[in-house]
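Number of protein chains: 2
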Amino acid sequence: MLSPTDLDVDSLLDCIPDWPKGPLDNARSKASFDWKVMKLVLDGDTVVRFKHKVWSTLASDPIFKRTPWEEYDRNEERRLTFARLKKLVDYKLASEEEYLNEPHKIPAFVQAVGQFSWSLIVKRVLSYEYFIVSCKMDNGDRDNSLVNDIMNFNALGAISITELAHGSNTKELQTTATYDPTKQCFVLNTPRLEATKVWSGVLGQSATHVVVFAQLYTPDGSCHGLHSFMVPIRDPKTFQPYPGLIIGDMGGKVGLNGLDNGFMTFKNYCIPKASLMNRNSDVTSDGKYTSKVKDESKRFGITLGVLSSGRIFIILFSISNIQSALSIAVRYSAVRRQFGPTNGEEIPVLEYQSQQWRLIPYIAASYVFHNFFGSLFLDYVDFFVTAFNANGDTQMDMGAEIHSLSSCGKAVATWMARDAIQECRECCGGHGYLKAAGFGELRNDHDANTTYEGDNNVLLQQTSNYLIKFYKEKVEEGKPISSYFGSVNYLDSIETILSTRCPGNLDDIPKVLEAYRFLVCYLLKSSYLKLQEQTVKMGDSFDAKNATQVYYLRSLAIVFFEAEALDRFQRFLTEFSVPDEISIVLKQLGLLYGLWSLEKHLAVLYESGYFTSLPLKPTQSTLSSSKPILTGPSTNIKEMILQLCNQLKDNAVALVDSYAPPDHILNSSLGASDGQIYQNIFAALENNKGAFGKPEWLEQIANSPSTLSGLKSKL
Amino acid sequence: MLSPTDLDVDSLLDCIPDWPKGPLDNARSKASFDWKVMKLVLDGDTVVRFKHKVWSTLASDPIFKRTPWEEYDRNEERRLTFARLKKLVDYKLASEEEYLNEPHKIPAFVQAVGQFSWSLIVKRVLSYEYFIVSCKMDNGDRDNSLVNDIMNFNALGAISITELAHGSNTKELQTTATYDPTKQCFVLNTPRLEATKVWSGVLGQSATHVVVFAQLYTPDGSCHGLHSFMVPIRDPKTFQPYPGLIIGDMGGKVGLNGLDNGFMTFKNYCIPKASLMNRNSDVTSDGKYTSKVKDESKRFGITLGVLSSGRIFIILFSISNIQSALSIAVRYSAVRRQFGPTNGEEIPVLEYQSQQWRLIPYIAASYVFHNFFGSLFLDYVDFFVTAFNANGDTQMDMGAEIHSLSSCGKAVATWMARDAIQECRECCGGHGYLKAAGFGELRNDHDANTTYEGDNNVLLQQTSNYLIKFYKEKVEEGKPISSYFGSVNYLDSIETILSTRCPGNLDDIPKVLEAYRFLVCYLLKSSYLKLQEQTVKMGDSFDAKNATQVYYLRSLAIVFFEAEALDRFQRFLTEFSVPDEISIVLKQLGLLYGLWSLEKHLAVLYESGYFTSLPLKPTQSTLSSSKPILTGPSTNIKEMILQLCNQLKDNAVALVDSYAPPDHILNSSLGASDGQIYQNIFAALENNKGAFGKPEWLEQIANSPSTLSGLKSKL
Ligand SMILES: Cc1cc2nc3c(=O)[nH]c(=O)nc-3n(C[C@H](O)[C@H](O)[C@H](O)COP(=O)(O)OP(=O)(O)OC[C@H]3O[C@@H](n4cnc5c(N)ncnc54)[C@H](O)[C@@H]3O)c2cc1C
Ligand SMILES: Cc1cc2nc3c(=O)[nH]c(=O)nc-3n(C[C@H](O)[C@H](O)[C@H](O)COP(=O)(O)OP(=O)(O)OC[C@H]3O[C@@H](n4cnc5c(N)ncnc54)[C@H](O)[C@@H]3O)c2cc1C
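Protein chains in written order, with this note's numbering: chain A, 1 to 715; chain B, 1 to 715.
By construction, these hints were calculated from the structure, which means they are not laboratory data. Any given hint could be a false lead.
Identical copies go unnamed one by one, so any copy, or any two together, can satisfy a pair.
[To be verified] Distance condition first, Cα-Cα at most 30 Å in a straight line; then the derived DSSO-like pairs of lysine-lysine: (1) K267 x K694; (2) K30 x K530; (3) K537 x K171; (4) K86 x K689; (5) K511 x K530; (6) K237 x K694; (7) K267 x K171; (8) K689 x K267; (9) K537 x K587; (10) K694 x K87; (11) K689 x K65.
With the hints as extra help, turn the sequences into a complete structure.
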């Protein structure tokens with residue numbers, strides 16, 4: 001991501017101004033590095049400039065104006081999102097060529113707009129980017145006019161897979177597409193209530209074309225499995241749904257209320273034969289199903305890879321949310337004072353050990369995951385570029401590996417963000433509960449990320465399946481373990497790794513990585529053995545897998561990801577040269593992330609014998625005045641976590657300054673860059689709708705006579 | 001709570017009807033006990049009947065009608081809450097005598113109304129119950145007319161402590177009340193922006209009288225610290241604020257938007273001398289401050305106890321939310337099918353090990369915490385009854401112990417509910433993200449509970465201070481450790497307990513309790529020693545305490561609570577006789593809760609030597625085909641957790657049926673008792689506002705010409 005020559009701060013001064021003076025000055029002055037250099041290390045010159053372009057475009061356009069205290073009903077949120085979407089398309093902030101030549105501008109755009117509004121970017125990505133990729137992955141029979149329409153806002157796309165009764169298990173979807181040779185068309189039907197298409201984003205109000213997944217039936221009555229179809233559903237001028245469709249908006253959601261998720265039922269809805277969107281299968285005009293089965297499995301690997309883009313972007317969504325939440329909570333904590341050593345003297349709550357421990361590990365995670373995203377995105381670009389000229393098994397392998405990494409990565413990153421947002425909310429005390437703080441919207445919008453593009457728990461199984469397969473092939477067929485991007489390569493040394501023991505203090509990243517690799521190997525082998533045991537016991541691999549999830553396969557996928565993220569961070573640290581004052585801090589962050597993540601698995605490290613806790617005679621107490629503190633390898637880890645938090649606390653504000661979006665994007669009364677928390681909160685109080693007015697209903701309700709005199713006795 | 005003769009189910013049939021037949025029949029038929037008997041075990045006949053009365057009153061009154069898909073703006077939520085509050089007061093569902101004679105009806109009422117709407121019950125409790133208690137704790141100089149007004153909805157109360165810059169640290173509040181002998185009044189002032197009163201519930205729109213905390217100044221300019229004052233703020237007929245006050249509504253919050261939190265500034269606002277609300281201090285008419293200092297510390301203990309009621313009720317709020325969330329998620333999981341052993345055959349997601357492990361421990365916690373609440377509430381009643389005729393140190397001790405228990409209990413219970421709600425949301429997949437599922441509101445409303453009535457992290461310090469004090473006095477002065485309700489008594493045997501070691505499988509509650517007590521003792525002693533060490537190092541007890549929070553004092557308060565909750569559950573099991581089929585299940589729940597909670601502390605059990613993990617030679621792998629599974633004492637714990645989840649899964653639906661509120665209260669399209677998830681979700685889709693309409697703005701925005709043609713190049 002970073003070219004070291006990019007670190008020329010001076011040339012960037014136009015787009016990253018200094019912070020306004022104020023209550024944060026003191027905290028900022030304590031930083032050991034220049035946050036602008038860190039910003040460049042994180043994003044690189046191109047991305048910093050491009051985000052700046054996006055953000056200043058939004059800042060200068062009244063339709064993108066917001067205040068932290070504004071409140072809209074769902075209709076207004078939908079309207080604003082739609083109007084903003086149109087504007088975004090009109091702006092064409094980068095050309096297609098620009099995105100092709102500088103692919104990092106794609107996530108930069110997604111993040112810059114997403115941090116402004118998740119409804120907006122999700123609507124944009126679903127109706128535009130995903131849809132265009134879907135069109136392009138199609139067999140190419142169709143002309144380009146639909147893509148052009150989409151690009152000019154004359155059409156809007158949506159993807160409709162999920163049904164009322166089926167989401168994760170797409171195989172069992174029940175919508176039917178039956179080929180009718182007389183009319184040369186597919187007839188779509190919703191056979192029962194449970195088959196109603198649901199959740200499709202953009203479908204509720206505005207999509208004109210939908211990629212619909214349905215079971216393909218030929219006239220002979222046989223079913224050929226799930227296929228996708230390009231289905232026009234609304235008149236692009238009037239937005240009137242076509243006859244044969246019932247389309248509705250799903251209504252209120254936990255969050256993302258600017259996005260119009262919809263539901264749809266088909267009643268003998270005819271679409272042209274050419275609507276079938278599958279490169280490898282077709283139906284002859286008289287109704288025979290044909291398919292190029294031969295490279296089916298290769299294509300499957302590639303499809304898996306392409307479909308990973310959704311999850312990869314959700315990793316980015318999660319990092320963006322962690323960044324926003326931390327920007328608010330860390331700045332607030334550096335200004336908010338409560339209690340102190342003497343009466344009258346109060347200290348910033350960031351000085352409390354517990355506040356540091358609650359926030360700073362998430363800063364560490366945000367840096368490590370940011371790097372993970374950047375690195376996985378490069379892998380994805382690598383894969384994507386070669387995917388369409390597939391001429392070997394490599395692309396298939398690449399696709400499967402990216403699928404594995406994006407599955408566990410999406411699960412762990414979305415959970416990390418979920419917990420970070422919550423911790424940040426609580427770290428801001430009562431004021432964190434104000435709508436104007438921003439956490440409510442962050443949390444509610446983020447919440448969907450744990451579920452869509454694959455439920456997290458189901459996704460973890462994708463990764464563990466991938467890993468188990470390698471190990472099985474090694475043990476049962478002697479195949480060496482390796483993969484294109486190398487994420488599994490160390491597993492080939494599994495027995496050597498399993499013979500290692502904790503080397504003492506885990507005081508640098510490589511040592512933590514060793515512990516992590518031991519953990520992964522240990523969980524891989526024991527999961528495999530447990531699976532075997534359960535298969536013998538239960539006689540069924542479905543049941544055996546189910547009985548090996550918790551503490552085995554599920555943990556395996558999680559530690560595999562945590563190790564991989566740390567490994568990629570370590571590689572970044574060794575491969576890129578950054579100024580010393582930056583690299584010192586990055587190393588602290590990497591180590592803190594590693595130890596803090598490892599902390600969740602301490603018991604396994606003891607169980608596995610990697611850690612040792614010596615048996616003590618009952619009379620021999622571990623507690624004596626001379627040796628007061630907890631002991632054992634895990635104790636050292638905890639002590640180091642606290643030390644690192646303490647070492648990093650004076651850099652905490654600079655670390656969030658380095659990635660905080662501008663104030664008008666962050667849109668929080670607690671997190672503004674000027675640190676004027678009380679003025680800003682007060683502005684939110686004063687300016688909210690009806691702050692000082694007396695509601696018209698108040699007097700009337702209060703003074704209405706009780707109507708219950710006769711009622712009470714009857715209850 | 002329970003009298004065994006109460007378990008006569010037949011006599012209750014009128015208020016607990018059977019469940020409607022439907023998709024849940026199968027799951028229900030697998031239960032090993034009668035859920036109606038369990039309901040009686042949980043609540044007892046009186047409470048079941050009383051809740052039924054409350055709920056049927058709400059059901060029959062149109063103002064309390066709701067649908068899962070309704071959406072209101074803040075103004076409408078405020079209006080509805082206010083109108084419902086008035087109705088609730090009018091209904092007088094129980095008389096004051098009834099509540100006095102059967103105090104369990106108080107939490108029953110709070111829970112029954114709270115599960116309907118938290119804004120409503122919080123508004124009710126703040127403006128009514130708390131306020132009346134405040135009045136009654138006053139010195140009694142005032143006549144009773146205000147209490148009568150409140151009881152007849154002719155006045156509404158509020159409590160105003162928090163200021164913009166001070167919440168947790170009340171000592172430093174800055175609002176001033178200066179006695180003016182010429183006018184014989186106190187003059188209230190807000191000296192600076194930061195001293196603006198904020199967050200006070202009911203203040204925003206509707207309170208007429210507020211208990212205001214301010215620094216009392218006498219005419220000689222000296223400050224006598226924080227005192228409370230009864231301050232009339234609005235005309236009770238017109239709701240017009242009086243001159244000298246600026247009062248506003250705080251606007252949108254993360255949740256609880258039916259509740260009008262307010263802010264207020266004073267400008268030379270005069271209140272009569274008699275407004276001072278302190279039993280023990282006064283100001284003479286010429287402005288001398290007088291105070292009965294002698295029993296100040298005793299009163300402080302009592303005040304602590306009385307103020308615990310807020311936290312005790314928040315424990316109840318939390319349990320209620322866990323119950324609601326689990327009722328939805330468990331029923332949904334028993335009906336929702338996804339994947340299966342063979343194509344076409346799908347199993348309920350509750351059959352997945354991971355789904356069981358994600359949900360069932362929370363069921364266990366809900367039972368254990370329910371019992372904890374009931375038992376602590378009894379202690380509180382015991383204390384409250386004697387508190388006002390205080391004639392010894394006993395009441396002070398009782399108050400301090402209740403303060404300690406309610407502090408850690410509130411923290412752990414609110415976090416437990418926070419996590420349970422989130423897990424339940426995720427367990428319902430995409431449909432869980434619908435507003436109509438109910439989780440959004442549950443989570444957003446619940447969120448405040450971790451903060452108000454004391455920030456959780458600050459509260460944990462209250463409990464650890466309490467425990468450390470006992471230990472210090474024991475070690476330094478030889479005082480035995482004991483308390484009125486006995487929660488700390490076992491700490492007196494600390495050295496004996498610390499000499500114990502894990503006795504093998506922790507396969508019953510008493511053994512888990514032993515491990516827990518070891519943990520508490522271990523953390524108590526090491527916290528004390530660490531505190532000493534840090535005090536020597538830092539030379540300041542404030543800093544030393546700060547540096548001993550994480551992994552020490554904070555963990556101490558948490559494990560102390562977890563152990564106490566388990567202990568009270570075990571006492572319930574031994575002291576009350578319930579039918580065998582019930583007690584078997586309760587024991588499983590208790591054990592599961594104990595092991596699952598203990599799991600978070602496994603590393604400490606290794607560090608402390610309670611668990612042993614033998615050192616292995618590097619060449620000696622713990623993994624061989626014959627011994628595939630993780631080993632060590634902690635492994636057994638995990639295996640037992642999974643076994644217990646598996647044993648309990650067929651009872652899961654009956655366990656939530658036993659406490660689920662009626663459908664019109666639960667108000668969830670996923671959690672209705674008929675189990676018709678798809679019909680109910682579809683009803684929510686069809687009936688939401690604007691489901692099928694085309695928004696008027698759509699066509700207009702879509703077809704508006706781009707206004708950006710000339711703009712792009714300028715960016
Ligand atoms: C905001 C939002 C936008 C969406 N947009 C779209 C869209 O544009 N197009 C579209 O087609 N869909 C969309 N969806 C639907 C989404 O893709 C699905 O909801 C998601 O894939 C999860 O599937 P599910 O709802 O069936 O969950 P389920 O599979 O029903 O999950 C329910 C529970 O069962 C558990 N579970 C399921 N299977 C297993 C197993 N094998 N082992 C263990 N546990 C299991 C899960 O972990 C979960 O706890 C959207 C959803 C949301 C919330
Ligand atoms: C919905 C709602 C209703 C409310 N109703 C009322 C009401 O009716 N009347 C009223 O007077 N107030 C009310 N409040 C205010 C509420 O009581 C306070 O917000 C609450 O006590 C927390 O205090 P704070 O906001 O000052 O948090 P802070 O103390 O500012 O906490 C901020 C952060 O600092 C940390 N922290 C603070 N001190 C320490 C320490 N010593 N050690 C370690 N960490 C520390 C906290 O853990 C937290 O992470 C309400 C608040 C809400 C959200």
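Going through the hints against the structure:
When the C-alpha separation of K267 and K694 is checked against a cutoff of 30 Å, the pair qualifies only between copies, where the shortest distance is 20 Å, while the shortest distance within a copy is 52 Å. In this homomeric assembly, K30 and K530 come within 30 Å of each other (Cα to Cα) only across copies, at 29 Å, whereas the closest approach inside a single copy is 52 Å. When the C-alpha separation of K537 and K171 is checked against a cutoff of 30 Å, the pair qualifies only within one copy, where the shortest distance is 28 Å, while the shortest distance between copies is 64 Å. Taking identical chains as interchangeable, the C-alpha atoms of K86 and K689 lie at most 30 Å apart whether they share a chain (28 Å) or sit on different chains (24 Å).
Taking CA atoms no more than 30 Å apart as the test, K511 paired with K530 passes in both settings, with 28 Å inside one copy and 28 Å between copies. In this homomeric assembly, K237 and K694 come within 30 Å of each other (Cα to Cα) only across copies, at 13 Å, whereas the closest approach inside a single copy is 44 Å. Taking the shortest Cα distances, K267 and K171 sit within 30 Å of each other inside one copy (22 Å), while across copies they are farther apart (69 Å). Within a single copy, K689 and K267 get their C-alpha atoms only as close as 46 Å, which misses the 30 Å cut-off; across copies the closest is 24 Å, which meets it.
In this assembly of identical chains, the alpha carbons of K537 and K587 lie at most 30 Å apart only when taken from different copies (28 Å versus 47 Å within one copy). In this assembly of identical chains, the alpha carbons of K694 and K87 lie at most 30 Å apart only when taken from different copies (21 Å versus 38 Å within one copy). In this assembly of identical chains, K689 and K65 lie within 30 Å of each other by CA distance both inside one copy and across copies; the values are 17 Å within and 27 Å between.
Checked against the numbered hints above, the structure breaks none of them.
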